[in-house]
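Sequence order for the protein chains is U and X. Anchor point for the first sequence: position 127 equals 372 in our numbering, and the numbering is continuous, going up by one each time. Anchor point for the second sequence: position 46 equals 69 in our numbering, and the numbering is continuous, going up by one each time.
Please keep in mind that the hints were generated in silico from the structure rather than gathered at the bench. Keep in mind that this is a model prediction, so the values were computed, not measured. You can trust all of the hints, since none of them are fake.
Chain X side only, calculated, beta carbon under 10 Å to chain U, not exhaustive: (1) 111; (2) 120; (3) 123; (4) 236; (5) 238; (6) 295; (7) 298.
Heads up, simulated DMTMM-like pairs for lysine to aspartate or glutamate below, C-alpha to C-alpha not over 25 Å straight-line: (8) U:329 x X:189; (9) U:329 x U:423; (10) U:329 x X:108; (11) X:207 x X:312; (12) U:329 x U:415; (13) X:207 x X:189; (14) U:329 x X:312; (15) X:276 x X:234; (16) X:149 x X:26; (17) U:400 x U:415; (18) U:329 x X:307; (19) X:106 x U:415; (20) U:400 x U:429; (21) X:106 x X:307; (22) X:106 x X:192; (23) U:329 x X:192; (24) X:207 x X:177; (25) X:106 x X:200.
All C-beta atoms in this analysis are idealised placements derived from N, C-alpha and C, irrespective of residue type, glycine included.
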Amino acid sequence: MQFVIDALLRAGDLMLVTLGLSTVYALVRFPNLAQTEYATVGAFLGLLFAGFGLPLWAAALAASVITGGFAVALHRLAFAPLLKVSPVIAMIGSLAAAIIVRSLIQAIAGTRSTRFDLPIETPMMVLGAAITMTQVVILSVTAVFVLGFLIVLYKTGLGRAMRAVATQPELARACGIDSNRVVDAIGFLGGAFAALGGVLLAVGSQVHFNLGQDLLLPVFAAAIVGGLGSPVGAVFGCLALAVVETLVTNLNFGFLTGDDFLYVPLAYGPAAGFCLLVLTLIVRPNGLFFRESARV
Amino acid sequence: MSDFIVHVLIIAATYGIAAASLNLQIGVAGLMNFGQIAFFGIGGYAVAMAASAGLPPIAGIPLGVLLAAGAGAAIGRLGRNLKAEYWAIATLGIAEIFRIVLINEGWATGGAGGIGGELSLFPGLKEPAATWAMLGVALAGLVLAWALARGLTERQFGRILRLMREQPDLAVSFGHDIVRYKVKAMAVAAAIAAFGGALATSYIAYISPGDLVSFGTFMLWTMVIIGGVGNNRGAVLGAFVVQFIFVGALFLKDGLGLPSELAGALRMLIVGVLLLAFLMIRPEGLLPERLRKIDAED
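All chains should be modelled from the sequences, with the hints used to inform the complete structure.
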């Protein structure tokens, strides 16, 4: 049971950022390496607002809105012009933007880890597994926003327009869909979701200026395992990645060598995730859940 | 002061070797390697580990070059079907796996602390002769790497790589085995980068996983893009420009009296802004790739 909780918590950490990344990719068609920096920006903005005395939910909301706006501005000013040259150039541009954001946060906030000032709780025991109330809240908030996003995507006009632009940009434009507006809206949501994910990380554990870099590979691994550009795939990708990471470090591999105990060192958890990424790319270069043409 | 300039020149030359290698991949062959720093690190660790195994450090150079060539060939083979963006992410992931292995296998690699010690290629020489010899070797190595990269770019091999970059389907229809060319290009480029890494590590006399974070790859990319993607001279020029800007940041820090904690952030900021500015204003770099004339008899 502890295993399930650990895997869920890890998946929850990655979920919101991955969902934003994968959905934005469906529209703009370049992997935005700055997407995970939005989580750092959001986390530090949230900490800043909380420092002003705002309640946690208000700080999180304000941080998400501002970060969403920042994501839209960055896309319009930097990535959209670069995208006209080529997707790879835009990708390098997004890496440059990520480095700039990271160095600014490092310069302003310093290199120490910080977190929200919350009381320390004793974990509850649920079916033999330890989990704190905060963790329950974090998981619930994540689940609500992920579900809400999927409902927007599959039940509303914006979602339909978004999927139309993603699958057939020219046809969508011919039907009178303003694709720039759709890209802005989804870019805003992607940035805001990443920011919320960052705030939740700062609530649950702690954050530092390098958070974006630490998240980059797991998030991309999850997005690619699920199929870049597929929102539902992003959800499953996160779960798959979390299960693999948790499994590798918790399983007793003694039976392979005949020893009583043989555990993979904890630090190899992330490596397992990246191996999953590389394996997925080799076996199914378009991800596990990818469908080229989806019905709108 | 002249000691300091020699130091910067040696570092710039070793990074120039790795930049020339990266240019061969991204500029000529269109293979978007985001894990270049790992090849650099293979060369560096080969020298350091050879020395800790009791061998002369210089023996680590061929070892590292061969290992990196093998790794490059394997990556080229594994990634043969990947689109540019996926190639980039896969190489980023591989470089990170390499770094995690280095941190964890401390018995061989010194773990997160890395390996340091007497790694000079000329154990007999004393200062300052050793530094001057190192400068000579680094510059000679740079010329060698540049000549090799240029030689490969200008002959049939390079033509096929450029065709593969621009029109992969056409290259296949001409009967070129593009997987083989990807493998070869990666093997050669990795070997060159490892050579640069070996020289850098032997000069600095220390290497750790901290030197192999993705920011290293990013710096190499900046060098190639500032210099001019696809232009071998550009990659080398870019390496010197970025290194000297780094030094400039150091003086700026002292001039402004900033704490050293901020200096690292300032460096990153400068490189990031520089790269973004070049991408947006002058994407072809300082020395653009020249259009080549095609000789009918060729």
